[in-house]
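Chain residues, written in single-letter form:
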Amino acid sequence: MAKAKADLLQGTLDMLILKSLSLGELHGYGIIQRIRQLSDEMLNVEQGSLYPALYRIEQKGWVSARWDVHDTGREAKFYKLTRSGRKQLETQEASWDRLVLAITKVRQATT
Amino acid sequence: MKWFNILRDRLRALRKRDSVIHDIDREMRSHLHLQIEENIKAGMSPDEAREKARRSFGNLNRAVDAAYDVKGGGLFETLVQDIRYGTRVLLKHKGFTSIAVITLALGIGANSAIFSVVNELLLRPLPYQDPDRIVMLWEVSPEGRRQNTTSRANFRAWHAQSTSYEHMAAFSDQRLTLTGNFEPEEVSGQMAMPEIFKVLGVQPILGRTLLPEDAQPNSALVVVLSHGLWQRRFGGQASVIGQPIMLNGINREVVGVMPPNFQFHIKQRSGTGRPAEVWLNLPMATGNTENERGRFLSTVAKLKPGVTAEQAGAELRTIEARLSDEVPEFNKNYSAEVLPLREQFFGNVRRPLWLMLGAVGFVLLIACANVANLLLSLATSREKEIALRAALGARRSRIVRQLLTESLLLALLGSALGLGVAWLGIKALPLISPRDVVSLQGVSLNSSVLLWTLGVSILTGIIFGLAPALHISRLNLNDSLKEGGKADSGQATGSRRLRSVLVVSEIALAVVLLASAGLLIRSFIRLQQVDRGFNSDNVLSMVVRLPFARYPEDAQLVQFFNQSMERMRNLPGVRSAGMVNFLPLYGGLGSSTGFKIIGRPEPPPGQGPSCDVRVVDAGYFPTLGIPLLRGRNFSDAELRESKRVILINNALARKHFPNEDPIGQRLDVAMFETPMPAEIVGIVGNVRYDSLIDEAPEAVYFPHPDLAYPFMTLVLRTDGDPTAIATAVQREIRALDPNQPVSDVRTMDQVMSEAVSRSRFNTLLLALFAGLATLLSAVGIFGVMNYSVALRTREIGLRLAVGAQPRQVLLLILKQGLTLTVVGVGLGLLAAFALTRLLTGLLFGVEAVDATTFTTISLLLVFVSLLACYLPARRAMRIDPMTALRYE
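Each protein sequence line maps, in turn, to chains A and B.
Following my numbering, the numbering of the first sequence begins with 96 at its first residue and continues without gaps.
Following my numbering, the numbering of the second sequence begins with 178 at its first residue and continues without gaps.
Same shape as in the complex, but just chain B (with noise of 0.2 Å):
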């Protein structure tokens, strides 16, 4: 209540200061006069009368004043006038007042479009239940690698095993085709367990999820459609649910829909690598060892309350280290691992988004620090007014919070325009970020962001402004206040040392961001020149996959793909056509297996070599530019029914048979229920799949008679254009069968700039900021020279008039901004020594203390900042020496 009434009171008086004034007047103008006729009516003459209330009352206006202070003016209203009063100094110093706002929106405006993503990413919780307890379970292979698919039996035995998850679904992603009264089409599935909706929580918009129920054998076929599938293909019409849809040629009915925003797709060893439309009940049923065995369900769990994830991954390594004892032949060495849902979404995009955070707090400091040089420069043409406010018994706490309240003024409206860089920026990240990493569809402009941004531009009022407005309300009054004392006096060198502390430290800010971004650049044109194994230019590749309702037989595929392949080489422009079951760098199912070399002894169980196994026909290797390093490619023959023979890469011939020659060795390699062992024919150049920066695996070549694939993958190298001939090509398979979809059309070069384009985002990000702060520091350095000269405008002078050479005086003032830059360089240099090490992992082929990188964007900064200095220098060169002298 009395809080409330004072707050009332107070805001009255803001904005009616007057009528405040004036009835409080009005109150003691009352009593005056009542005092008046009560002493006239004791006997005065009017004028006595008058006199003595007068004097009794006392100063009336000092009352006024004194009452005042209960209704309004403290700390609020003091503010209320140094914001009117900054505004006012703002208006009138138009030229300062931008730029200064220019250069925080900037700085703040990088720094909100970062957070957003930060934001989105890294700290917003995920749209499920109990989000912190959602946990995707692994298994490591014996070679160490992470997230891998586990089988239905180790599934089976950590479900049955654990103690740690309420919920446990194992679920794995499918392409299918979706045909009906309309064009085939391909669809994702995620063949899951019907927990999986358990364990995330979320519910159905119409209709209702997987139940246990369906996961009963014999139980009626059915699907949960995605929103987007439901909107697009059944007019979001809730009639929907009972309707049966044709999935892979099998009827399934409709059960219900999931709401618009809801999707579960994780990106690793997904087979389809985009989030699911439809969900279909994941047959657990036991069935043959084969089925058991196979690995490639992937699991999600929900933790008990209270149970940490460190505690489930311990408990899971337990359960697995037992199922490597018990069944060695399927899990000799192999581990399992547990990973928090949000680690497996960001993991990988943490570490980078917290630099670029990093890198964009660098870009607001420079931005602060020439801010800071900017209110100086004002301050200059402003000491007499300060002084004049001094003089008149303002205190310095008084002057400072003035103008700490310009600074935060100027703070806010960068941030106002700041927030329009960064509703640019955040439009434009989706362009360049990459896509198989993370969607940053949702980032937007939220509260949670413009809080940031506002908590960031007073920050950055008070950090640029504190370090001015303290100097400046330490002027000598009498310095000041006299005309002329400018020139030498001891603020104006104490000025230009802050001055030169603020370039300085700009300076070395731009070296940290440049040494960082020149790493970048570095390691991506590294990356560029990786002999990856394959020529990209001019290769169409697609993806054909044929549903088992219609193929159910090898044969049939093996026919239809030789068929098309038939096709293809005949179109005009196709200079040579082959197929694959997984284009290199393609991510996907990467996977190791292992394989026997006939006639060597047996290693024991786990320990086997092992190695990528591919599907392919003749074509392939001329048509990816795959060289034959030895003995023959497949024959005619070998395309058109089985005949055990395959080709291996270098690298598997290299570290198997480094003395003998591989060619008629024989292999079994486990893709088989039986030993099925093929003779090596040729020997092909290693080829990049996983990645650009993993080594070439060591690879087997299986002609696709020998391991027939429901899906292949074309690839096309075309005289012209690739993409002119994808309608073509199309057609051509419609022709073989027009229900059949075609999906996946890219070039070559595209899957090649997708496998870059993380580290075409990090380096086009932070070159971006780098960039931004070189300028800025560039801005900075001219600005301080620009002063420097203005103020030895008297002193060159006197040396021009004394026979001083232009020249000499532009070599001076040059002098002058290399010392400042250099020391920047240095500092600069320095602090990257010890920050850059924090981009390992995002470097490749290049350390993270590189000598070239260093010393290019060393002399980069030099070279710059003499472009900053030269035109003060050339100012100062063309002083006429009569003027200067006279100038006082």
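Same shape as in the complex, but just chain A (with noise of 0.2 Å):
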């Protein structure tokens, strides 16, 4: 918790990335088309910055990664939310919520 308000932006990419992994199953591209799909194309993930984000999370053991056959007949690297990884995902929304619900009240009480 402490993490997520200290490292805000990289928190949120992390949560991000857990989110559009616990509807199931996706490969690096499926999870920024995923995330696009989610946020009406308002969020756009950078190659450059899911991938060494998707390694972290990989190490601390919230993601699975295994080569499979895509549908297409390519093949990519499947990336699986793991048992403490959807634990992390919780903890990770209901401290953003707590952000969202703090700042929404200061933001009202200057107005």
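Incorrect hints may have been included.
Distance condition first, Cα-Cα at most 30 Å in a straight line; then the derived DSS-like pairs of lysine-lysine [stated by the list, open to error]:
#  : chain 1 : residue 1 : chain 2 : residue 2
1  : B       : K375      : A       : K175
2  : A       : K175      : B       : K193
3  : A       : K175      : A       : K155
4  : A       : K114      : B       : K229
5  : A       : K175      : B       : K604
6  : B       : K218      : A       : K114
7  : B       : K444      : B       : K375
8  : A       : K155      : A       : K200
9  : B       : K218      : B       : K229
10 : B       : K604      : B       : K444
11 : B       : K193      : A       : K155
If you want the footprint, here are the derived chain A segments under chain B, 3+ residues with CB under 8 Å [as the list claims (entries may be wrong)]:
#  : region
12 : 117 to 124
13 : 145 to 152
14 : 184 to 194
15 : 198 to 204
Non-contacting residues of chain B with respect to chain A, defined by C-beta distances greater than 12 Å in every case (computed) [what the hints assert, rightly or not]:
#  : residue
16 : E254
17 : T495
18 : R578
19 : I639
20 : L1036
Hint data in this document are derived by calculation from the structure and do not stem from the laboratory.
All of these numbers come straight from a predicted model, not from anything done at the bench.
Glycine included, C-beta positions come from ideal geometry on N, C-alpha and C.
Hints in hand, dock the two standalone chains.
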């Protein structure tokens, strides 16, 4: 939680990646697409930032990865949420909600 | 989990960097293709789709790099790169590497060898249960002599009145004769109270130890064997338990066998001088007063948890003070002390050992300075390479790290070879170590020593690598990249200054070591020159001990020894023969006995004079070359039966009869149950009995019928090599009594040599280290001067071209070297003034600050360094001006 506050941007990306995987296994390209879809095309994650974040999440044990053949017949690396990843997602979402709530309150007070 | 994954990834990246990158690349490309396919689906032409995907993806390589930084890279990988690179550098400069590694190996090896001894003797726990709670209890005599044995009565009082101890046991070492259907043999026995095994907490491997029941009156006589004796005499068979063995002519039942490495040998006041092979119950029954009051017991005890040795000591002194008041005739002015067991075992070697460790530390520092110098030389030839790396964007910290990695590699190589040196050292140490002080058998390259060596090598790597690394990384890019800016550049001067500082420190350290070694050498020579009062040339000695069971009567002892003396004198090649109960310098029980001078007023209890008592025959004096100063020697009649006569030494005569003739006076020496005055018939020369260091004690000599001893040391002066006669002597003894063993066959020179063995050991070791230090500093100064000449080639060429004589050039260089040396010697002498006082206690007949020694070693070092400067100076002298000037 402390980490989420301290490193908001990276933590946010982590949360978005975890969220996109919560609906099912995806490859890197798919994660970007899913985030774009879910955000109504508002969030466009760069490949250059996706993969380092993805690898870091993998090292933390929140996702697991395997090579498989995509339905187009091309091989791709698929990522899947692990149990601890799911728990992490819940924690991050809760902390994010609190943050949004807090910011909203502050903004309402000043207007 | 997280750390584990990261570490796993990093390690994988190290081993299979390409495969990791390939994997990332593959993922990126698959991503790209998915996007292209998507684009085509959206209706783009294949080319357009590919172009668009590429653009949206950005720089593929950068993306791969960023991803790789997560999976691999980091400090770890840089380190491995540095190690690979460093290895290549070291391999490329083989000459440099081998000299540096050998230098370090000598320094580190010496260090590890000495540390292994320190570890074994001073750091490792003693092999008993709760060894830190085991203490020795001793009396301190009115003259202040420490570690004295106590009496049964006093032990009983200590035991009853003290509250500091869990267990307390008295013991006394005695030599015993083991007989049976084999050669009679003398074994070392420890007569001990059964509690000694509780104090030490050691279990037998077979049977049992002594039990309190064994100490009950009229209980069966039992014995516990050492592992060694069990193996040697009983073939290591378990059936030995319950068997009888004969000791001093009395049968005892074997009840237990101790483990192989078990021994409890307190050298101080041991009557045998070697570890016990059998343990017997020590009879503590109250009997007559003499039995109660005789001081012959050593005491060991286990402190209760939480009680310190100091507290126990204070309590014991209180008890002893009470004893002094209650029984003044035996205890007047006696005090007591409590010594922790480690202090007892190693107290006298602790200081020399730490000093030796300090000395090898100095040697290692000198080695470090030398290698630092070498690294600086190497850096000169690498200036361009390092400048190039800096120009290509390597940060300074990165370059320092690279250079430090190289030094650490060197240090580790040095320590690997150093372990070999240490191993040799450990093998060699027991050969020169003093046998009587400590056993170095257990010293080995164990894990603590390996760990120490690793620590030392990392530390040395940083010490000798840091200064050069910092220095080199400060190099000015432009100057170094430009060819020719070399000779006069600021860096070269800076490096020369650093080198000079290193060499001056080396010399200063070497001076300190040389001064210490010089002082010890002078002490050793003094020790050899001491007038010890006897002549040890061509003298053989051996001990004959007659068992009480076969020789219960004094008359039998006297007869046996007289007969054996007669046989000795008739042996061919024997010039003279004699005997004494305790040889000079033999260690063991040097006891002091009170006496009265008949006709003088009696002094108050505990304040009377005392003397050293020896039992001899007439042959003893001429055989050891002890002069008869006045009066006469013992007559044949006096050696057959007691006539109440004695000889005294010159020290006693001078002290107690300064103004009168002692001949004809009578002394009552307190060796007997009833007063037994004896007449002084002669005065003989002083002999240093206790040690070469201590003045000769006042001594009284009894002829052996007056004070028959069951054991005597026979001494024979021979025409030639004394050892040649040993078997003949044993044959003669066997002829008198076939069951009689002879032990401790040694020449007097051997006895002498052991008496100075501690001093010799310290001296030899320190001299070795000082020699090594001098050699290393000579190499150091040679390196610096050589480098300096190389730097000044142009300047010297110029000097020669404008008319300087080669001789002047030679002097110029020598002067430069001499300046460094003199500064180093000066600083070293200052340090030596401060440090050599640590040697006090190891020195004999020479002060810690000794002008002769200090001058000698200073001159020696100046001479050595001039020698080391001569080669570079000669090279400078022969520089060809034309070549030098053309050389840019």
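Evaluated hints:
| no. | hint | in the structure |
| --- | --- | --- |
| 1 | B:K375 <-> A:K175 | violated, 66 Å |
| 2 | A:K175 <-> B:K193 | holds, 25 Å |
| 3 | A:K175 <-> A:K155 | holds, 13 Å |
| 4 | A:K114 <-> B:K229 | holds, 28 Å |
| 5 | A:K175 <-> B:K604 | violated, 63 Å |
| 6 | B:K218 <-> A:K114 | holds, 27 Å |
| 7 | B:K444 <-> B:K375 | holds, 21 Å |
| 8 | A:K155 <-> A:K200 | violated, 33 Å |
| 9 | B:K218 <-> B:K229 | holds, 13 Å |
| 10 | B:K604 <-> B:K444 | holds, 24 Å |
| 11 | B:K193 <-> A:K155 | holds, 21 Å |
| 12 | 117 to 124 | holds (count 3) |
| 13 | 145 to 152 | holds (count 4) |
| 14 | 184 to 194 | violated (count 0) |
| 15 | 198 to 204 | violated (count 0) |
| 16 | E254 | holds, 16 Å |
| 17 | T495 | holds, 63 Å |
| 18 | R578 | holds, 25 Å |
| 19 | I639 | holds, 32 Å |
| 20 | L1036 | holds, 68 Å |
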